[in-house]
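Asker: Letter by letter, the chains look like this.
4 protein chains.
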Amino acid sequence: MERVQSELDRRKPGQSSITTQRKESDTVKILSGVFEGKTLGSPIGFIIENSDAKSKDYDHLKDVYRPSHADFTYDAKYGVRDHRGGGRSSARETACRVVAGAVARQYLEKFGIDVWGYVSSVGEIELNANYQSIDKTQIHSSIVRCPDKEVADRMIQFIEEIRKQGDTVGGTVSCVIQGLPAGIGEPVFDKLNADLAKAMVSINAVKAFELGSGVSASRMLGSDHNDQFSALGKTLSNNSGGIQGGISNGEDITMKVTFKPVATIMRDQDTINSKGEEMVATGKGRHDPCVVPRAVPIVEAMCLLTIADHYLRQKAIG
Amino acid sequence: MERVQSELDRRKPGQSSITTQRKESDTVKILSGVFEGKTLGSPIGFIIENSDAKSKDYDHLKDVYRPSHADFTYDAKYGVRDHRGGGRSSARETACRVVAGAVARQYLEKFGIDVWGYVSSVGEIELNANYQSIDKTQIHSSIVRCPDKEVADRMIQFIEEIRKQGDTVGGTVSCVIQGLPAGIGEPVFDKLNADLAKAMVSINAVKAFELGSGVSASRMLGSDHNDQFSALGKTLSNNSGGIQGGISNGEDITMKVTFKPVATIMRDQDTINSKGEEMVATGKGRHDPCVVPRAVPIVEAMCLLTIADHYLRQKAIG
Amino acid sequence: MERVQSELDRRKPGQSSITTQRKESDTVKILSGVFEGKTLGSPIGFIIENSDAKSKDYDHLKDVYRPSHADFTYDAKYGVRDHRGGGRSSARETACRVVAGAVARQYLEKFGIDVWGYVSSVGEIELNANYQSIDKTQIHSSIVRCPDKEVADRMIQFIEEIRKQGDTVGGTVSCVIQGLPAGIGEPVFDKLNADLAKAMVSINAVKAFELGSGVSASRMLGSDHNDQFSALGKTLSNNSGGIQGGISNGEDITMKVTFKPVATIMRDQDTINSKGEEMVATGKGRHDPCVVPRAVPIVEAMCLLTIADHYLRQKAIG
Amino acid sequence: MERVQSELDRRKPGQSSITTQRKESDTVKILSGVFEGKTLGSPIGFIIENSDAKSKDYDHLKDVYRPSHADFTYDAKYGVRDHRGGGRSSARETACRVVAGAVARQYLEKFGIDVWGYVSSVGEIELNANYQSIDKTQIHSSIVRCPDKEVADRMIQFIEEIRKQGDTVGGTVSCVIQGLPAGIGEPVFDKLNADLAKAMVSINAVKAFELGSGVSASRMLGSDHNDQFSALGKTLSNNSGGIQGGISNGEDITMKVTFKPVATIMRDQDTINSKGEEMVATGKGRHDPCVVPRAVPIVEAMCLLTIADHYLRQKAIG
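Residue numbers (this note's numbering), protein chains in the order written: chain W, 2 to 319; chain C, 2 to 319; chain E, 2 to 319; chain F, 2 to 319.
FYI, nobody ran anything at the bench for these hints, they're computed from the structure.
Hints are not guaranteed to be accurate.
Copies of the same chain look alike in the list, so a pair counts if it fits in one copy or across any two.
Computed cross-link-like contacts, DSSO-like style, restricted to lysine-lysine with a CA-CA straight-line distance of at most 30 Å [said to hold, decoys possible]: (1) K39 to K316; (2) K316 to K235; (3) K111 to K39; (4) K276 to K39; (5) K235 to K30; (6) K316 to K111; (7) K276 to K63; (8) K235 to K285; (9) K63 to K137; (10) K276 to K30.
Given these sequences and hints, build the entire structure.
Answerer: This is the structure:
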């Protein structure tokens with residue numbers, strides 16, 4: 002279970018100058034499903050207790066609807082809400098996904114399947130490099146999770162500036178799945194690409210999902226976009242992003258995920274409360290100026306879980 | 002059931018000079034679940050028989066793996082394949098989605114919920130108009146489903162040129178959901194945005210899904226991206242695209258869906274067959290040079306089905 | 002597909018003097034999912050058209066709530082009902098289960114798994130024989146599906162008497178699953194016994210499900226009921242009915258299913274209509290005086306489907 | 002949450018002379034989903050920690066396959082097993098069901114729906130009373146959960162004798178659902194009766210499920226079994242047990258559930274270990290001589306959960 006904890010540490014708050022300063026230790030405690038270091042086949046129950054929750058931090062939010070938060074929609078849906086920490090809409094929920102993904106990773110690596118992501122843009126600063134040229138070992142040596150040192154430095158500098166202004170900024174995470182054999186996925190109802198899309202867009206703050214050629218596909222011609230076979234199961238290009246007709250084709254699966262800027266900014270914002278009265282949401286608390294560095298392990302985890310599900314499905318019929 | 006058929010007619014092949022010339026009548030025949038014009042609560046079974054299938058059209062494809070088609074991945078998954086017409090990976094499968102969407106539309110419109118889409122780009126030709134300025138009645142008066150006549154004419158001309166060259170081109174469909182009340186969706190496992198993403202990316206040839214601000218969110222600051230409340234349940238901007246924390250906020254839900262160029266081009270392409278032997282895939286058959294005009298009702302149908310599901314869920318607990 | 006049809010013929014009406022005289026040919030037509038005699042992995046669509054439906058037979062039932070039928074409950078649930086032939090509550094629905102079971106049978110027999118049932122009682126007439134002493138080949142040589150000729154003859158005679166009186170009678174079907182290895186099933190949420198119970202009780206007219214020792218277990222002591230191991234995976238007795246903790250133990254799975262007498266009797270019965278007015282339901286139509294002979298292939302089909310599902314699940318993790 | 006705890010106390014061990022003497026306090030601690038005494042709509046997470054687990058009690062079981070336990074089947078399925086306390090096959094798992102049922106009860110009672118069970122037999126000792134004549138207040142004044150004092154006393158005496166012999170005995174629990182309106186359930190795939198059967202047979206040690214007339218239906222004639230309407234939605238008899246065609250008819254739903262004798266007896270039993278070697282399973286530990294008294298709240302809980310699910314489903318379409 003050391004690997005589960007180390008995976009979780011990649012996501013934890015307070016790990017660098019460009020993340021939130023909340024100091025949660027994020028220690029995972031396994032409750033069930035693991036015995037003498039092995040999974041038992043039964044559900045793996047675990048708990049990650051809050052170590053640095055300051056309920057007081059949220060007292061001022063009791064009746065406020067913060068702009069672009071889920072405060073209002075939760076009230077609209079349920080008619081009752083736990084205002085402390087955003088409740089279930091808090092990105093803290095994704096810690097559980099990272100734990101589950103860490104288990105899936107240990108399963109998938111037995112079959113030579115690897116998943117890795119990196120920050121490919123922060124605001125206007127983009128990494129212009131093909132993923133195949135990336136040195137994976139450099140990703141996590143950078144606090145911004147961008148493998149190109151020069152670009153990473155500019156990203157870090159920009160995030161620090163933005164933070165001083167009490168503002169936040171968006172970005173993108175790119176992710177690659179390697180070693181997945183051809184034939185994994187489903188043809189109509191749970192296409193592998195569709196399930197990856199759902200997995201990614203389910204992550205807090207995600208606004209767009211692109212597979213392979215992504216949004217650029219709309220401007221391309223078929224004669225350019227088509228991936229010619231070079232050999233059985235190998236293609237010269239990979240605009241498809243590794244999936245055809247909902248099923249993996251044995252090429253790398255490549256995707257890009259867009260994150261909006263964090264909604265909690267350290268500035269006062271005009272807003273309303275639950276009675277519709279105008280008021281000011283003050284920018285208190287300790288939040289990330291940019292989520293993408295901490296989002297890398299979350300994106301990976303959701304890929305790992307999606308791939309593990311589909312891999313198991315195929316094993317049943319294979 | 003007339004409305005079901007008319008919805009299906011919007012998708013059918015052979016409807017204009019810029020779509021495939023296959024002349025399928027696409028007549029839906031209801032088998033069960035409807036009695037004296039009313040749904041019974043039981044499953045609605047229906048069949049759309051092929052009227053213009055020419056199996057001969059596909060004889061030359063028996064062992065060929067067409068580039069960027071699902072021929073290879075189906076063989077990899079199942080080890081057996083019906084080569085006639087792409088089998089289940091054929092976009093013809095989406096006709097069923099349009100029928101189901103037509104039923105969902107009749108349910109949702111009782112609650113004042115409307116869904117409508119349009120072509121927002123073909124290749125490099127883009128419609129630069131806010132959806133709020135669009136005259137919906139103009140969408141279907143255009144064979145390319147673009148509501149701006151000048152832009153539509155350029156799109157049509159471009160598609161016709163591309164077709165003459167035996168090539169194909171990508172494009173985008175934008176879609177809007179209006180009238181959905183706040184509070185529809187789920188907070189974690191089936192977020193409304195995640196389910197919409199899955200629904201859209203499940204459509205053949207889709208490469209990207211964007212909600213609200215979409216890919217542009219990565220370049221924005223929080224102070225610009227946040228949607229300020231103007232009144233209870235109303236915001237001044239709509240970068241969120243109508244969803245917060247997986248739940249609708251009562252604003253219009255806006256999305257953009259990118260389609261790649263159709264893989265079947267009317268040119269010879271180098272490829273391989275099921276034995277790995279090099280060969281040439283000849284460009285026969287009758288295919289669309291650009292799918293987006295016929296994709297509009299499909300995008301709408303998938304929205305309608307997703308919204309109907311979530312609406313029913315909320316009714317259970319509301 | 003010949004085997005699918007022959008399985009279906011075991012269930013069809015009009016096959017003997019003790020079943021309904023409706024002469025439906027029950028011909029299954031495959032619509033999809035099978036190509037050149039092999040399943041494709043995609044859904045197998047099929048249709049069994051009514052050949053002897055006489056809508057007139059049901060005209061007198063338009064507003065009547067027949068005693069112990071689903072007429073009233075369908076109206077209560079849906080507020081609208083197709084009164085012709087019982088609609089979806091007709092046991093005719095089970096023909097589809099038999100078709101699906103026939104496909105599952107062909108899959109399971111590759112692994113040496115067999116499922117077979119027989120009539121073990123009609124009214125008070127019981128077959129007092131351990132299933133292990135039964136000659137399976139004798140089951141279907143009897144129109145009442147009871148493998149003991151002497152008992153079968155008494156059952157047939159009794160059913161014919163009952164029919165002359167315009168009445169109906171209940172009975173039981175016993176079923177055995179053989180060749181299933183140990184380790185199939187789930188420990189909590191989808192226990193194999195629980196799924197078999199659901200499958201059996203979902204069949205029209207079933208009132209009770211018993212596994213292994215069944216209702217007699219309530220009167221037994223643990224020292225008698227416990228199945229001692231004779232060897233690894235073999236036990237001396239089988240009160241457990243082949244399942245422990247939701248998971249198969251490699252012994253035969255044995256069960257007994259109780260069917261109530263058919264509700265449609267050929268006598269006039271006092272009842273009410275949809276306005277609550279008293280009236281008489283006349284005993285018209287062509288119905289079975291006892292369902293158990295035709296229920297044997299249905300019980301088998303539901304076992305086959307349940308086992309195939311669980312077998313595939315285990316293959317995924319095995 | 003007091004009501005959740007009190008429901009759980011009805012199931013807890015050590016509550017009387019005829020139950021196991023393990024003294025688990027079974028205190029439920031809510032982790033999530035409840036705020037200021039109200040459910041939030043999000044999952045209700047809770048934990049019941051073991052207070053009296055004595056791992057030593059199970060050391061002698063490490064490699065033994067106890068007769069009629071799940072030791073062997075878990076090994077067959079997973080190839081790995083936590084031998085302490087039966088692991089997940091322990092009836093202790095049902096404590097969670099009782100907690101969940103207690104929440105469902107609070108929801109359903111708002112609509113006037115009540116669920117109550119009682120012990121109707123222990124070994125050969127049966128309560129011969131129609132449920133309508135039962136004084137519900139007497140059920141829980143009896144440690145054996147049988148509302149007739151004279152019968153209860155005989156049951157208690159018999160259980161104590163059996164325990165002295167180191168043996169166990171089976172029994173039955175009867176359960177009634179009252180106040181459920183007509184129209185709840187599904188017509189084919191999730192029939193209310195089928196879901197109740199699955200729910201009941203999923204409880205540890207259950208061998209049979211009977212609805213309404215149950216196994217006696219096999220011996221009845223249709224003219225006797227049919228329930229004549231006395232008024233709209235009211236019938237003179239209730240052999241149907243309150244469900245027709247998978248859907249409730251507004252009458253009381255009545256069922257009977259058979260429990261086998263507990264497999265753990267306080268006697269030595271011949272058995273084998275995981276290597277197939279013969280050995281003796283010694284009768285240590287603290288177990289129930291008869292489970293039915295403690296099973297009453299479990300049966301009720303599974304009914305409550307099943308009914309709540311179906312009630313919510315119907316609300317969605319109603």
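Asker: None of the hints should be skipped; say for each whether it holds.
Answerer: Here's how the hints hold up against the structure:
1. K39 to K316: both (21 Å within a copy, 20 Å between copies)
2. K316 to K235: both (22 Å within a copy, 29 Å between copies)
3. K111 to K39: within (15 Å within a copy, 33 Å between copies)
4. K276 to K39: between (52 Å within a copy, 21 Å between copies)
5. K235 to K30: neither (43 Å within a copy, 40 Å between copies)
6. K316 to K111: For K316 and K111, the Cα distance is within 30 Å both inside one copy (14 Å) and across copies (17 Å).
7. K276 to K63: within (12 Å within a copy, 53 Å between copies)
8. K235 to K285: between (53 Å within a copy, 24 Å between copies)
9. K63 to K137: neither (44 Å within a copy, 42 Å between copies)
10. K276 to K30: Neither way: K276 and K30 sit 41 Å apart in one copy and 34 Å across, limit 30 Å.
Violated hints, listed in ascending order, are 5, 9, 10; each of the other numbered hints is respected by the structure.
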